[in-house]
Structure formats: structure tokens, C-alpha cells
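Start from the sequences, fold in the hints, and give me the full structure.
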Amino acid sequence: MEITPRPFGEVLGDAVNALGRTWRPLFSTALIAFIPVGIITLVVFKVSGAAEVFAAIIEDPGYLERLDDNQLAPLATPLLWASGVTLILQIVASIFVYLASHRAMAAHLNGELISGREARRWALTRLRVGVGAGFIAIITVVLIIILGFVGWLVPYTMVGTPNSTSLIIATLLFLALVGPGVWLGVSFSMVTSVVALEDRGVFTCLRRSIRLVRGRWWATLGYLVLVGVLGSVAIQLIQIVGVPMAAVTGAETSMLALGVVGIIAQGIIVAAIGGMYTLWYVDLRARKEPLLSGDLL
1456 MEITPRPFGE
1466 VLGDAVNALG
1476 RTWRPLFSTA
1486 LIAFIPVGII
1496 TLVVFKVSGA
1506 AEVFAAIIED
1516 PGYLERLDDN
1526 QLAPLATPLL
1536 WASGVTLILQ
1546 IVASIFVYLA
1556 SHRAMAAHLN
1566 GELISGREAR
1576 RWALTRLRVG
1586 VGAGFIAIIT
1596 VVLIIILGFV
1606 GWLVPYTMVG
1616 TPNSTSLIIA
1626 TLLFLALVGP
1636 GVWLGVSFSM
1646 VTSVVALEDR
1656 GVFTCLRRSI
1666 RLVRGRWWAT
1676 LGYLVLVGVL
1686 GSVAIQLIQI
1696 VGVPMAAVTG
1706 AETSMLALGV
1716 VGIIAQGIIV
1726 AAIGGMYTLW
1736 YVDLRARKEP
1746 LLSGDLL
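The sequence shown begins at 1456 in my numbering and counts up one residue at a time.
Keep in mind the hints are simulated off the structure, nothing from the lab. Bear in mind the structure is a predicted one, so any value in this text is a computation, not a measurement.
The calculated label-pair distances, taken between Cβ atoms and stated as ranges, are:
#1 E1507 with V1471: 40 to 48 Å
#2 W1672 with W1478: 25 to 33 Å
#3 F1590 with L1535: 12 to 20 Å
#4 A1741 with I1624: 38 to 46 Å
#5 G1475 with A1741: 16 to 24 Å
Don't be surprised by glycine CBs; every beta carbon is placed ideally from N, CA and C.
This is the structure in C-alpha cells:
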């Protein structure tokens, strides 16, 4: 079947409808990927001692402010170490779920319904490239944004904004220095779709994502924001209910269990977002070249 470009709203609507037909492989993949991550997170935080620090912060938000530098360093080290390890695991799991979601959604567009096992098997064959491209994209974007922010912060702290003109200049300077990182982040947003659905290498996938987004950057940003808002609302609902409950119980184990549940819920949301990204990738690709649904498999 030939795939043709469609209006923004139709792509978003089709993405939501497609989730209703592909939720089984997406849901099962999210659970299989993120339940181990949640368990490992629980173990890492308990073994490192970070769980005690985290519990103290939740129970008393001003806990860290009352500590001097000598008291803070021994507490910050295990917390940073545990957070770093779990962050890497979550990124790898997210990339895996994205790849499987893209595969399941591509099959749906071709009139097929594949099992979660088949989607995961395909994701494993592309995971090495996906992890490589994903980490390069994340590190590059974060470094550019940090460097831009630091470059803006130095003159801002020295001069400040004594009048409205300086405020405008500071705002424009911030956008000029941080903007390239944001631009690159949006341009890299289709990289996992390219990895999953095109037989390309790490750097070729990154360049391909940039080319696909070129000319549709603002539309892509709008799509990412809308999809991100939907995911953020779901995450906030979990936090609104769960965090106060954990704080009331005050039990370290309860808060860690809540964290594990949150990570698993995050995996389900990641799977849904990955599926929705696939529809946008397909539309971008259809705008660049003739595209048949069979070309996605």
C-alpha cells in the first residue's frame, strides 16, 4: 500500500487509534524490559545506601540544606552513583522498547499484527546500533545545551538585567546559545525509528534523522510536544497519587516500591510514545521519497 503525506491532525489521530490495535506487543515488551530495570534499581539503591538518603529527603525536604559540605559529600556520592547506574539502564531499556514499538507499528501499517516476541526479537538485532546512536545523540545534545547555558550564565551573573533592554538581550542571547542544542535534539528525534526500520549504521542513522526532520522542524517539535504532554500527564498522575502515600507511610521500602512501580509505568508510556513517533517518522519519510507500507518491514 502506498503511503502519502497527511495533515498534522490526521497523523496524531491515526497514531492514537493505532495504539488501540497494537497495545498487546507494546505492553508486553514494556513489562519485560522495565520490570528487571525496576528490580535492579531497587537493589542498587538499597545496596549503595542511596535509599536511606532518598527517604530522608522525601520525609524532610529541608534535610540537605541543614548539612555542611563535609556532611553532604558522603551522602551525595551513593545517591549520584545509584542514580547514574539506573539512568543508564532506563535509557537502554527505553531504546529497546522504542525499537520494538517501531517494528510493531510498522507491521500494523502493513496490515499485519505481530506478537510481542517477534517485535522484541527484531529489536534485539538492532539494539547495538540503537544504543550507539541513542547515546551519541543524548550526550551531544546535553553537552551543547550545557555549554550554551554556561556561556549565557557567565555574562548574565556579571551584568544581570538592570533594565528592560538588557532583559531582552539576555533572552535573545539565551535562545542563541541554547537553541542549537534544542534544534539538534528535535532533529535527532527520529533516530530510533530509522534504526528500527532502515538497515543503516550508527552515524548514518543520525544523519538520516536530521534529513527527515529538515523542512518539518517546527511541525516535528509540535508533534513531540503534544505526545510528550500526553506522557507527562500520565506520569504526573502516578506521582500525584503515589508520592504523598509514600511520604505518609514514611517507610523506605514503600518509597522504593513506588519507585519500581513508577519505572514500570514509565516503560508502558515509553512504548506508547515510541509507537506514536513511528507514525510521524512514516509521514516524514513519505514527504521525502515514494513509500510503500512494505518498505517499512
